[in-house]
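Asker: First residue of the first sequence: 0, per numbering that gives the first Met the number 0; consecutive thereafter.
Please note that the accuracy of each hint is not assured.
Cut-off 25 angstroms, straight-line C-alpha distance, at most; resulting in silico cross-link-like pairs (BS3-like, lysine-lysine) [claimed, not checked]:
| no. | residue 1 | residue 2 |
| --- | --- | --- |
| 1 | Lys169 | Lys296 |
| 2 | Lys813 | Lys761 |
| 3 | Lys169 | Lys14 |
| 4 | Lys674 | Lys787 |
| 5 | Lys195 | Lys248 |
| 6 | Lys380 | Lys169 |
| 7 | Lys655 | Lys604 |
| 8 | Lys813 | Lys833 |
| 9 | Lys206 | Lys169 |
| 10 | Lys833 | Lys869 |
| 11 | Lys813 | Lys757 |
| 12 | Lys745 | Lys869 |
| 13 | Lys195 | Lys334 |
| 14 | Lys655 | Lys541 |
| 15 | Lys655 | Lys403 |
No lab work stands behind these hints: they were computed from the structure. Bear in mind the structure is a predicted one, so any value in this text is a computation, not a measurement.
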Amino acid sequence: MELSKNFIAGEAEAKWYAHWLDKGYFNSTPDEREPYTIVIPPPNVTGVLHMGHCLNNTIQDILIRRARMQGKNACWVPGTDHASIATEAKVVGMLRERGIAKSSLTREEFLAYAWEWKEKYGGIILQQLKKLGCSLDWNRTSFTMDKDYYQSVMKVFVDLHGKGLIYRGKRMVNWDPVSLTALSDEEVIFKEVDSKLYYVKYLLTDKDGQPSGDGAGLTVATTRPETILGDIAICVNPTDERYTNLIGKNVLVPIINRVIPVIADEYVTMDFGTGALKITPAHDKNDNVLGIKHNLKAIDTLDASGKFTAENLMEDKPSELVLSYVGVDRFALRKKIVEDISALQLIEKTEEYKGQVGTSERTGAVIEHRLSLQWFIDMQKFIANNPEILSAVSDDNIAFHPAKLKNTYSHWMGNIKDWCISRQLWWGQQIPAWYDEAGNVYVAESLEALHTNQPATIGMQLKQDEDVLDTWFSSWLWPMEVFKGISHPGNDDIAYYYPSTTLVTGQDILFFWVARMIMAGYEYAGQRPFKDVYFTGMVRDKLGRKMSKQLGNSPDLLALIDNYGADAVRFGIMVSSPAGNDLMFDESALEQGRNFNNKLWNALKLVKMWEARVADNNDTSDPNSFAINWFTNRLNQVKAEVEILMHQFRLSEALKTIYSLIWDDFCSWYLEWVKPGFEQPVEAAVFNTTVAFFEELMQLLHPFMPFVSEEIYHLLRQQSTDLCVTQDAPTIAAAVPVLQQGELLKQVISALRDARNKNQLKPKETIQLHIQTEDSAAFKAIENIISKQVNAAAVFYTNDTVANSIVVAVEQNKFYIESEQKLDSAALKTDLLKDLAHQQGFIASVQKKLSNEKFVQNAKPEVIELERKKLSDAAARIKTIEEGLAGLN
RNA sequence: GGGAGCAUAGCUCAGUUGGUUUAGAGCAUCUGCCUUACAAGCAGAGGGUCCGCGGUUCGAACCCGUGUGCUCCCA
C-alpha cells in the first residue's frame, strides 16, 4: 500500500471517531471492574467551543482514555447547563430581533420560545467536542433542566427548607438594573473607573429644624450624589477632633431638606474625603450595616431598573423639584442633582477619583446595592452540619492539583457568606414556594405535593414565587444527578459511579461550583463527590492577555482543528500546561504538534518500506541485538516515568517525556541503529520487534493524540482490535547497565560527530576510527553502530596515541579520528582548553569544600563520599584532556 | 483595605525533605547539510547576576526577612 506523503488528519479523524462510536467503546455500564468516572463541567447550553473548553476537555479525555486502556470501567458523562442568566439573555436578544419584547409575553409563552431556542441551537458545543476526539458516553448526556433533574432541584430546595437551612429575607443584594435580577457576589466583577468625588455641604440646623442661618455646616465627600435623597445620617469617627462638637447635632439634606443627625462610628476612615460619611442604608452595603447597627431607616430612592422613585419619600413632602426626578436614570440623575445642589451653592469642590465599581458579569451593567426580598442558604449552618466540607480538602481526602488552592478554599470557607439563591428570571427552576393572599409562604415540591401535605391549602388562592433558582443551585448536584442519585436514590448507576474519580475544571469556578459540589456531596451522599480535582488556569494569548471577543485574540478552534488536525491542537495545548498555571496559547505549539504527526508518519513509512525486504533467516547481528535490548529497557523506563507523572497529574511533562522517547530515542537513535543499508534486507527479528515497539509507543501516546496513534496502529499490521481499547501491558523494571551503555554510545557518537563538524568534514567523507579503551569487549558489540553513525570506513583498537589524528575523549575512553582530508586541530584544541579550564575550576571548588573542616565534620558521609568521587572523576578527566592535548602537538 | 500565589535562557516551563559534577528541557536563534522515512527534516552550537538586598547554614535556585514587579481572589 502506498502511504501519502504526510499524515492527513481530517480523514483519519472522521473515520476513527465514527468507528469508535459505532463500536460503542465510550459507553459504560456498571460491571465488576473498578470504575473511573469523570463528569464534564457542563458548558452553557448556549456555548460554543473556545480555548478554555479545549484545554479542559483535552485533559479529561487524556485521563479517561488512559483509564480505559488500564482496564478500568471508564465513564465520562457529557451534558450542558441551562445557565439561566446567559441563556435568558440570548433568548431575549433573539426575541428582540424578531420584534418581540419579553414584557409582552407571559411566562409560559416566553419559556416556549426558550425551549424552542434550546432545542435548535443548544448543545452545539457537544458536537464540537466530538471534533476534538472526546470519548464521552453520549448515551448519558444530561441537561440541568431535564425532567428528573428539575425534580431533584425541587426536592433539594424543599429538603433544605425543611432543615431550616433556607430562609427568605430582606437583604442587601447585588442588583443588576439591566437584567433586573439579583447577582451573587461571584457574579460581580470589580472594575477600576474614573469618577468624581463631590464635596457636598450639609447645613446645620437650629432647634426648630431650620438652617442655622450663619452658613455653618458639615462637608461630606461622595461619589454617589444621586443617592443623597436617601440619606438618613452623617457619620464621623468619634476620635476625629474636627467633628467632636458636631456629634448629636442635626443637619439638612440638600434639596429634600430632611433633618438628619450626625452620629459617630469607628468604621469611618478619617483621612478619606473630609472624614464625614453620608449614610444611605438603602443603597450601599456598608451603610446598610451601619444603618442596622444605629437603628436607622432605609429609604429607597431607586427602582428596580435604577430610575428615581419618590415612592418612599412621601413623609418628606417632596417638592416639585424632587418629583421632577421621578423616572430619571441614576446616571442622568447624578448630573442633575449635582447641578441642583450646585445652584444652592452647596458643592464646595469636585475632585477626580479612581474608584472600584462592581459590574455584572453577564450584562456589564454597573450593579446597585439594593434591599430586596430573596431566598438564602445559611452557609455557616450548612458547613457546621457537615464538617467534612472543610476537613476533606485540608487532609487531602479530596486532593487538589495544584495543592496551593487548598488555602484559597479554606480561607473562603472560613469567611463564607449566605448564598442568595433566587434570581429574577424565568428560565430556570422556578422556586417551589407558594403565597396565599395573606402572604403566608408554603414550600413543597409541587402544588400537588403541597395539597397532599397540607390539605388546608386546597382551595386557597395560591401564587407561586415568580423567581427561579441560581444556576449553581442545580449544578452543585451534577455529580450525583447525572446518575439520578437525587431523583432516584440508590439506583445501580449512582451506587457504582459515585463518587466520581477526577474533576477537571477552571480555578475561576472553585467557589461557584467545586466548593458547592463538595457541600452537596456531603449533605446528600454523605461522601466526597470526587477524589481528585485538577484545576486548569486561564488560557491567555501569547502576550498574556485574556482571550476576549473585544480584543479579537480568541482563535476559532474549529478552524485550528481544520488547519492542524485535532491531535496537533491537543498536543499544542497540552505541551506547556501544568496544572493551575495560566496557559499562554501560541499557535507555534500547534505547529510543533503537526510536525510531530509528520514525524510519526515518516517513521511509519520507513518501517513499511522494510516490510518488503525482510530476510527469511532468523539471525540477529550483535549491534541489532544491542539496539533492541537497549530500546526495550528504555521503553520500560519511560513507561514507569509516565506512570508516575500521570499519577501526579503532571500531564504536560508526561506528554513531553513520550514525545522525546518517540522523536529522540526511537526515531533518532533506535531506528538509525537498526536501519539496514540502502536496499539491504532487514533481519526478521528487527522488523517484528520494531513493529511491536511502534505499537507500544502508539499505545503510550494514544490518550494524548488518539487519531494519529489509532491510524498508525492499524497501518503497522493487521490488528484484531482497536488501539483505543487495547489494554496496557504491565510495566517491567528497566535494566540499568544496558541503559548506561546506551547513554555512553550516544555520547560517543555525539562527541565524534561534533569533532567531525568542528573539522568541517562533510557528512559523506569517511574517517578511520581508533578506539583506546580498557574495555574493548564493551565496544565490540556496538562498534558497527558507531561506525554507521559517524561514517567510519574502519574501526581499530589501539593502546597508544595515534599520530596526525584528532582526539576525542569520552569518560575514560579516547577516540582518534584519521581522515584523508586535512585536519585542522586548532578548533579542537580550543575546545579541549576550554574543557580543561572548566574541569580545573570545578576541581578547585570541590577541593575548597573538602578542605573545609566544618564541611567534613557536618556533612552526611554519603555527601562527602560523593564529593570525593567528583574530585577523582574530574582528575581523571583532566588527565585524558591533557593527553589529548599532548597528542595534538 | 484584607488574603493568596508567582518571579530560573529570547519565549513557555522542569528543578522531588538544602549537597547528583560551575542549573535542565522544548520552542525560537545561529552554523553546516537537499544523507533514498521525514527540509513540517538531519547533525551540531551559542545562550542564565536562578528579580534586588540582607540573613540562617559547612553548603542556598531551594529555608527566613525585606524591597521591587506581576497575577488572582475577596472587600
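Asker: All hints are to be evaluated individually against the structure, with a verdict given for each.
Answerer: Verification of the hints:
1. Lys169 with Lys296: holds (14 angstroms)
2. Lys813 with Lys761: The hint holds at about 22 angstroms.
3. Lys169 with Lys14: violated (59 angstroms)
4. Lys674 with Lys787: holds (10 angstroms)
5. Lys195 with Lys248: Violated: Lys195 and Lys248 sit about 28 angstroms apart, past 25 angstroms.
6. Lys380 with Lys169: Holds, at roughly 19 angstroms.
7. Lys655 with Lys604: holds (23 angstroms)
8. Lys813 with Lys833: holds (18 angstroms)
9. Lys206 with Lys169: violated (35 angstroms)
10. Lys833 with Lys869: holds (19 angstroms)
11. Lys813 with Lys757: Satisfied, since the Cα-Cα distance of roughly 17 angstroms is no more than 25 angstroms.
12. Lys745 with Lys869: Measuring from Cα to Cα gives roughly 22 angstroms; hence the hint holds.
13. Lys195 with Lys334: holds (11 angstroms)
14. Lys655 with Lys541: Holds, at roughly 20 angstroms.
15. Lys655 with Lys403: holds (24 angstroms)
Checked against the numbered hints listed earlier, the structure breaks hints 3, 5, 9; every other hint is satisfied.
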